[in-house]
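Enquirer: Sequence:
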Amino acid sequence: MAREYDIKLVEAIRNKQYTETRRDVTVMVKPIPDCAIDGAMDPRVYKGAKKMSLLMKFIPKSMLKMDASPKSIKRLRKMFNSVDSTPMVEEDIKEMTFTIKAEDGFDIPMTRFQSEKPMAHSPVLYFIHGGGFFAGSTDVVREALRLFVSQTNMIAVSIDYRLAPENPFPIGHKDCYTGLRWLADHVEEWGADKRSIFVAGDSAGGNLTAYCSNRNIEENRDDVCGQILLYPTLNMGGIKDEYTEFDIDHDVAIYAKQASVIRPGIEIFSEMTTSLSDILGTKDTLNKYLTPYMSVSEKMPTTMISSGEHDFLTFESLAYAKKLVDLGVDTTFTLYKGMGHAYIDHVGNYPQAEDCMQDISEFIKKNRR
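Using the UniProt record's numbering, the final residue of the sequence shown is 369, and nothing's skipped along the way.
Hints are supplied without guarantee of correctness; some may be wrong.
As the list claims (entries may be wrong) - Here are the simulated PhoX-like cross-link-like pairs (lysine-lysine), alpha carbons at most 20 Å apart as the crow flies: (1) K257 with K50; (2) K299 with K194; (3) K194 with K51.
What the hints assert, rightly or not - Ranges between beta-carbon positions, derived for each pair: (4) I37 with S275: 20 to 26 Å; (5) V29 with A259: 33 to 39 Å; (6) E103 with S270: 32 to 38 Å; (7) P87 with K117: 19 to 25 Å; (8) G238 with E20: 34 to 40 Å; (9) P168 with K71: 25 to 31 Å.
Bear in mind the hints are in silico, worked out from the structure with no lab data behind them. Each residue gets a CB set at the ideal place from its N, CA and C atoms; glycine is no exception.
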């Protein structure tokens with residue numbers, strides 16, 4: 001078990017990082033550690049993206065569209081459920097799977113990750129996987145959570161909430177909030193600190209994370225110490241303003257020699273998300289749960305947001321960060337140059353994934369109660 005890159009690349013990212021202002025938000029920019037070409041894709045990402053770009057030329061456009069048909073969902077789940085990480089954690093991390101009861105009596109699976117000697121009064125990282133609300137699982141993010149635990153000796157918990165379209169909105173969202181409430185009531189039994197629960201999620205999981213934070217505020221509870229949003233989906237309702245709108249030709253740095261690979265990746269995934277409302281079984285995406293951007297509260301918890309330079313969701317993430325900052329919410333935004341979507345799934349393959357887990361660890365250590 002070993003990284004597919006030199007650990008020095010992680011060190012290089014951290015040594016070269018710098019801050020700048022983007023769309024009125026202070027951003028920590030993380031350069032590609034071994035490439036200085038502006039707008040280039042990270043060489044490790046480009047290797048796989050180039051192969052995919054060539055394959056997509058032979059795939060009918062109809063197959064790239066998302067819809068709620070069983071055939072489409074089966075095909076897409078096969079792609080989204082792939083485990084792309086490389087095992088790199090040598091420490092023996094304990095994994096315990098258990099179930100909790102949903103509002104309707106369904107048994108929701110959860111998995112607890114902890115080291116042989118967990119930190120006393122450990123904070124808890126509650127992680128909600130992505131996958132477009134219809135795919136994904138703990139398996140996809142397992143190595144990332146194992147890495148987090150090995151770095152910190154803290155406890156991590158993942159939830160396998162019910163997926164659409166078999167379980168339409170808001171079932172999956174409610175499952176995730178039920179998980180948060182359960183943790184708040186039970187983590188002290190593990191010797192953990194119930195005051196220091198951090199909710200995190202990637203992509204659709206970022207949307208579910210914001211949902212948990214919003215519900216926590218609505219119920220006048222204090223269960224969320226901080227939220228961690230990794231390339232989150234925050235504007236499903238398609239609100240258009242000066243911060244959410246962008247022009248790929250002017251607002252996204254794209255290296256000309258790689259444009260045939262980078263540009264389609266941004267455009268295709270952007271188009272695919274327009275079908276999510278059908279998969280979720282609702283036409284009402286313009287609500288504060290599916291579109292957290294429309295209703296941002298000054299009571300939101302301390303927030304960390306991480307996104308990639310070539311991710312179509314980056315601009316709505318920046319827009320959301322702008323609202324948080326304007327309301328006085330302590331907000332950190334990190335941008336990885338040369339990265340697209342879902343890099344956390346590639347722990348062991350991309351140094352940026354390992355760096356991101358270090359950032360999460362530091363964010364929790366800094367902001368725990």
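Enquirer: K194 and K51: Cα distance at most 20 Å?
Expert: Distance of about 46 Å is beyond 20 Å: violated.
Enquirer: Could you tell me whether the CB distance from P168 to K71 stays inside 25 to 31 Å?
Expert: Violated, at about 19 Å.
Enquirer: Should the hint that V29 and A259 are 33 to 39 Å apart at their CB atoms be regarded as holding?
Expert: violated, 21 Å
Enquirer: Can you confirm whether the C-alpha distance between K257 and K50 stays at or below 20 Å?
Expert: holds, 12 Å
Enquirer: Between E103 and S270, is the Cβ distance one that fits in 32 to 38 Å?
Expert: 34 Å Cβ-Cβ, so the 32 to 38 Å window holds.
Enquirer: Measuring from beta carbon to beta carbon, are G238 and E20 in 34 to 40 Å?
Expert: With a Cβ separation near 28 Å, G238 and E20 fall outside 34 to 40 Å, so the hint is violated.
Enquirer: Mind checking the alpha carbons of K299 and K194 for me, to see if they're no more than 20 Å apart?
Expert: holds, 19 Å
Enquirer: Assuming the hint says 19 to 25 Å, is it satisfied by the Cβ distance from P87 to K117 or not?
Expert: holds, 21 Å
Enquirer: Return holds or violated for the Cβ distance of I37 and S275 against the range 20 to 26 Å.
Expert: violated, 34 Å
Violated hints, listed in ascending order, are 3, 4, 5, 8, 9; each of the other numbered hints is respected by the structure.
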